[in-house]
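Engineer: So you can see what is in the structure, the chains are spelled out below.
2 protein chains.
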Amino acid sequence: MTKFEKKQWLSQLLEHQNVDHIIEQLKEMPTIEVASILKDLPHELIPTYYHAFSIKQRAYILADFPEDEQLLIFHQTEKMTFGEIFEAMESNERMEFYRRLEPEEQINLLPFLHKEVRMEVLELSKYPAETAGGIMSTDFATVMEKLTCAEAIDKVRRDAPSKKMIYYIYAVDQDMRLQGFLTMKDLIMATPETLVKEVVHHNYVASEVSDDRELVAQKIEMYDLVALPVVNQFGQLVGIVTHDEAIEVIRQEQTEDMEKFMGIMPEEDPENYFDTSTLQHFKKRVVWIVGLAALGIISGMIIHRFEDALEKMIILALYMPMMADTGGNSGSQSATVVIRAMALGQINLKQWVKVIWKEIKISAMLALLLAILTMAKVLFLSSAANIPEGFSLLEIASVIALALGTQVITSAIIGTGLPLTVKKFGGDPAVVASPAITTIVDITGLLIYFGMATLFFF
Amino acid sequence: MTKFEKKQWLSQLLEHQNVDHIIEQLKEMPTIEVASILKDLPHELIPTYYHAFSIKQRAYILADFPEDEQLLIFHQTEKMTFGEIFEAMESNERMEFYRRLEPEEQINLLPFLHKEVRMEVLELSKYPAETAGGIMSTDFATVMEKLTCAEAIDKVRRDAPSKKMIYYIYAVDQDMRLQGFLTMKDLIMATPETLVKEVVHHNYVASEVSDDRELVAQKIEMYDLVALPVVNQFGQLVGIVTHDEAIEVIRQEQTEDMEKFMGIMPEEDPENYFDTSTLQHFKKRVVWIVGLAALGIISGMIIHRFEDALEKMIILALYMPMMADTGGNSGSQSATVVIRAMALGQINLKQWVKVIWKEIKISAMLALLLAILTMAKVLFLSSAANIPEGFSLLEIASVIALALGTQVITSAIIGTGLPLTVKKFGGDPAVVASPAITTIVDITGLLIYFGMATLFFF
Numbered sequence: 001m002t003k004f005e006k007k008q009w010l011s012q013l014l015e016h017q018n019v020d021h022i023i024e025q026l027k028e029m030p031t032i033e034v035a036s037i038l039k040d041l042p043h044e045l046i047p048t049y050y051h052a053f054s055i056k057q058r059a060y061i062l063a064d065f066p067e068d069e070q071l072l073i074f075h076q077t078e079k080m081t082f083g084e085i086f087e088a089m090e091s092n093e094r095m096e097f098y099r100r101l102e103p104e105e106q107i108n109l110l111p112f113l114h115k116e117v118r119m120e121v122l123e124l125s126k127y128p129a130e131t132a133g134g135i136m137s138t139d140f141a142t143v144m145e146k147l148t149c150a151e152a153i154d155k156v157r158r159d160a161p162s163k164k165m166i167y168y169i170y171a172v173d174q175d176m177r178l179q180g181f182l183t184m185k186d187l188i189m190a191t192p193e194t195l196v197k198e199v200v201h202h203n204y205v206a207s208e209v210s211d212d213r214e215l216v217a218q219k220i221e222m223y224d225l226v227a228l229p230v231v232n233q234f235g236q237l238v239g240i241v242t243h244d245e246a247i248e249v250i251r252q253e254q255t256e257d258m259e260k261f262m263g264i265m266p267e268e269d270p271e272n273y274f275d276t277s278t279l280q281h282f283k284k285r286v287v288w289i290v291g292l293a294a295l296g297i298i299s300g301m302i303i304h305r306f307e308d309a310l311e312k313m314i315i316l317a318l319y320m321p322m323m324a325d326t327g328g329n330s331g332s333q334s335a336t337v338v339i340r341a342m343a344l345g346q347i348n349l350k351q352w353v354k355v356i357w358k359e360i361k362i363s364a365m366l367a368l369l370l371a372i373l374t375m376a377k378v379l380f381l382s383s384a385a386n387i388p389e390g391f392s393l394l395e396i397a398s399v400i401a402l403a404l405g406t407q408v409i410t411s412a413i414i415g416t417g418l419p420l421t422v423k424k425f426g427g428d429p430a431v432v433a434s435p436a437i438t439t440i441v442d443i444t445g446l447l448i449y450f451g452m453a454t455l456f457f458f
Numbered sequence: 001m002t003k004f005e006k007k008q009w010l011s012q013l014l015e016h017q018n019v020d021h022i023i024e025q026l027k028e029m030p031t032i033e034v035a036s037i038l039k040d041l042p043h044e045l046i047p048t049y050y051h052a053f054s055i056k057q058r059a060y061i062l063a064d065f066p067e068d069e070q071l072l073i074f075h076q077t078e079k080m081t082f083g084e085i086f087e088a089m090e091s092n093e094r095m096e097f098y099r100r101l102e103p104e105e106q107i108n109l110l111p112f113l114h115k116e117v118r119m120e121v122l123e124l125s126k127y128p129a130e131t132a133g134g135i136m137s138t139d140f141a142t143v144m145e146k147l148t149c150a151e152a153i154d155k156v157r158r159d160a161p162s163k164k165m166i167y168y169i170y171a172v173d174q175d176m177r178l179q180g181f182l183t184m185k186d187l188i189m190a191t192p193e194t195l196v197k198e199v200v201h202h203n204y205v206a207s208e209v210s211d212d213r214e215l216v217a218q219k220i221e222m223y224d225l226v227a228l229p230v231v232n233q234f235g236q237l238v239g240i241v242t243h244d245e246a247i248e249v250i251r252q253e254q255t256e257d258m259e260k261f262m263g264i265m266p267e268e269d270p271e272n273y274f275d276t277s278t279l280q281h282f283k284k285r286v287v288w289i290v291g292l293a294a295l296g297i298i299s300g301m302i303i304h305r306f307e308d309a310l311e312k313m314i315i316l317a318l319y320m321p322m323m324a325d326t327g328g329n330s331g332s333q334s335a336t337v338v339i340r341a342m343a344l345g346q347i348n349l350k351q352w353v354k355v356i357w358k359e360i361k362i363s364a365m366l367a368l369l370l371a372i373l374t375m376a377k378v379l380f381l382s383s384a385a386n387i388p389e390g391f392s393l394l395e396i397a398s399v400i401a402l403a404l405g406t407q408v409i410t411s412a413i414i415g416t417g418l419p420l421t422v423k424k425f426g427g428d429p430a431v432v433a434s435p436a437i438t439t440i441v442d443i444t445g446l447l448i449y450f451g452m453a454t455l456f457f458f
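Sequence order for the protein chains is G and C. With full-length UniProt numbering applied, the first sequence corresponds to residues 1 to 458, in that order. With full-length UniProt numbering applied, the second sequence corresponds to residues 1 to 458, in that order.
Hints may be right or wrong, so weigh each one.
Which copy is meant is left open, so a pair is good if it fits within one copy or across any two.
Stated by the list, open to error - In silico EDC-like links for lysine to aspartate or glutamate, alpha-carbon gap of 20 Å or less:
1) Lys56 x Asp211
2) Lys219 x Asp244
3) Lys56 x Asp186
4) Lys27 x Asp224
5) Lys146 x Asp186
6) Lys155 x Glu33
7) Lys185 x Glu151
8) Lys39 x Glu221
9) Lys3 x Glu214
10) Lys3 x Asp211
11) Lys126 x Glu87
12) Lys3 x Asp212
13) Lys185 x Asp154
14) Lys185 x Asp159
15) Lys197 x Glu28
16) Lys219 x Glu248
17) Lys155 x Asp186
18) Lys115 x Glu33
19) Lys312 x Glu44
20) Lys219 x Asp64
21) Lys7 x Glu33
22) Lys219 x Glu33
23) Lys39 x Asp173
24) Lys3 x Glu208
I should point out that these hints are in silico values taken from the structure, not numbers from a laboratory.
Produce the complete structure using the sequences and hints provided.
Structural biologist: As structure tokens, this is what we get:
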């Protein structure tokens, strides 16, 4: 569905003509597309169109709605009906929605659910949202090893009314302890009398229910899994995490990292840009900006201390921004590369000496190049500038170039060292945000700059 | 396999004792883990251990090796054997490796392949690496609609010797034109005499062979697909892109975006941090750093123009870094949020007025807060500073605070507007890197700062 097609659907729905015909067409479309269209309608119109669909379709559409529209439907729908829709949802989508409700709303919903669903919701709500338990689905197929493949296929037929695909079929014992898995293809390929036991793969990958969700996503990625089984501390199979859930986790963690890196506070439930209010955006960014403006005091104080030097050699003021900028770039680039590599598991802490050494070499090359260009720049630009007696432009240019080169290298070391150090102390390296590094290297840059000027000239 | 277990495997292999026993154990492990172990061995040892495995296992292990180890095996293995391994690889893994060879190496490999594989390799090598055609696999299952479900199951049994899972089964006509898809579960659930035609889903999502790979990954993500069929301009099914390939694309594009955002040139084939040499790292970063240092000339020239003002009111120099820093932070944050939202498809160009307005509101709130804090900071810090006759500290503090507030807002507008503008002209918004924005807002910041100072004081 292209953006143009979506606009057409929206116009037709807004005109409110030929509604039955439109609904008939929408019912044939993938529910993700229907959700995408409906959510952009004015809120007064959404419930009417939404409730024209079957319970099952409404369950899928609700799962694909953003938080605001989910809550709209929740508040606008009679509880009994909503209970049916809720029960028809995938268990992990159900839980994602359930967590968005206030405690009183949760309590008010529960009586309208059948006992099994109610028990499951209460059970699953104990798991923190960012763990395997928090993102798993309880919709999976199991067989026991003693069955024949033909019997297993019959069991799968009976147990699987859900529209979703069967991913893997899990072999469990009478206590639901996970013993292995097979694919539909394995069942088909085997002769009907073969025992499941002979076909099952005993060498499987699983997650524990308390594992961090990012770890779960990495396992799914590493082993190219369609679904990953989740077991509790007794080895019993309690859920599965599917490949599409892994992609969602990867996307969310990626936005979180990038935002953290830029000094934006991550939020519990990352939403759309437009779904987040101005005030919410403000709250996410204010901490860092204010904190760093405060840190900027220190740079101000350093300049204050070197005020005399500045007054005597005003030309120094001209190149202050360049020192800050280049230091910021150099440090941020190093930090970016190192943080990404750590996130992808390509660097571990033991290797940090190698990493810092590599960064020193790279930045030394950059520093040399920049120093030469800076010499040329100063000599060319400031030939008519105001230089005090007793100093030649060449001398000044050399000192500035030297300071810049040093700044590039020290910034790279800081940009590399800071994430590694934070990680060593158990923190999240992405928190050592670009704004933090730029402000720190500003300070060191000013110290290097004025330090060298004072050393050579005063 | 934990890091500790991996270390143990490596030690055992290095000791070179009990080798047969170790190999027997490794043969039972997932090939991704075997590849992960072998690749960290010294290069002289890898081929010996590698060739202890079956052709099929060697194919999978080779696919999981990084580029360097793949080329090592290629050069160290007799061509006939390598041909067998190459043919046993998944078609998209084959092509990924094939693209890493020099043209002469490619030509030398082809004679050792069977005709069908050779034709396929030549056919697929026409597709650019970053398109659907470049990442698709040709291992898929097809049936014709006129078959019964029982006949379809038989066909799948016959056609599917590969160890990989059958994802979807595609319904095609006699010209291989794609008509729909079904799952194994659909086949199982139907009665054996039902025609495929009655069970098949005609409403399917597909990609064209020339689609950008990022678009392909987005489709797989949006529709929660296990695999996405790829068709050519005639509607014929030519390949599939699987969910794990989508995750790889998402990861690579993410690293690319983050690096672009920091002014690091993206490379064709993103590799490990350590696998990239110092010189390669340097080349990736040098362009931006030098370009921006050059742009720093302009800030220098602006300061030069306001040299007199600076000399008269040296206190202005103290707060220059704060203007630059805060502007850089503000602009980068806005840019980050906007670029991420665009990448996730949450903002389109039509909405850019809304976006800029939203950013103005957010930054206005930040600006107000910062201006108040800055007033306090200046009054507190610079009470003993060197102020020229005729001006009060309060006046100066107010002007600095006003300049800072304006800087925050203009930086946010620039940080928002630049990515949107670049996108409008068909470019990649992530290229408007943080270093670019920081340098530009430096320039505007200096103009605002000195402009206001001159306006109010001189």
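Engineer: Next step is simple, just say for each hint if it's right about the structure.
Structural biologist: Here's how the hints hold up against the structure:
1. Lys56 x Asp211: neither (31 Å within a copy, 33 Å between copies)
2. Lys219 x Asp244: both (13 Å within a copy, 11 Å between copies)
3. Lys56 x Asp186: Result: close only across copies, 18 Å inter versus 30 Å intra.
4. Lys27 x Asp224: between (33 Å within a copy, 19 Å between copies)
5. Lys146 x Asp186: Within one copy only: 16 Å inside a chain, 25 Å across chains, cut-off 20 Å.
6. Lys155 x Glu33: neither (33 Å within a copy, 34 Å between copies)
7. Lys185 x Glu151: both (15 Å within a copy, 15 Å between copies)
8. Lys39 x Glu221: Answer is between; shortest inter-copy Cα gap is 19 Å, intra-copy 31 Å.
9. Lys3 x Glu214: Result: close only across copies, 17 Å inter versus 32 Å intra.
10. Lys3 x Asp211: between (39 Å within a copy, 17 Å between copies)
11. Lys126 x Glu87: within (19 Å within a copy, 49 Å between copies)
12. Lys3 x Asp212: between (36 Å within a copy, 17 Å between copies)
13. Lys185 x Asp154: Both: 14 Å inside a copy, 11 Å across copies.
14. Lys185 x Asp159: both (18 Å within a copy, 12 Å between copies)
15. Lys197 x Glu28: Answer is between; shortest inter-copy Cα gap is 17 Å, intra-copy 41 Å.
16. Lys219 x Glu248: For lysine 219 and glutamate 248, the Cα distance is within 20 Å both inside one copy (14 Å) and across copies (13 Å).
17. Lys155 x Asp186: both (15 Å within a copy, 15 Å between copies)
18. Lys115 x Glu33: So lysine 115 and glutamate 33 fail the 20 Å test inside a copy (32 Å) and across (43 Å) alike.
19. Lys312 x Glu44: neither (70 Å within a copy, 63 Å between copies)
20. Lys219 x Asp64: between (25 Å within a copy, 15 Å between copies)
21. Lys7 x Glu33: within (12 Å within a copy, 48 Å between copies)
22. Lys219 x Glu33: between (30 Å within a copy, 12 Å between copies)
23. Lys39 x Asp173: The answer is neither: 45 Å in one copy and 38 Å across copies each exceed 20 Å.
24. Lys3 x Glu208: Between copies, since 18 Å is at most 20 Å while 41 Å is not.
Comparing the model with each numbered hint stated earlier shows that hints 1, 6, 18, 19 and 23 do not hold.
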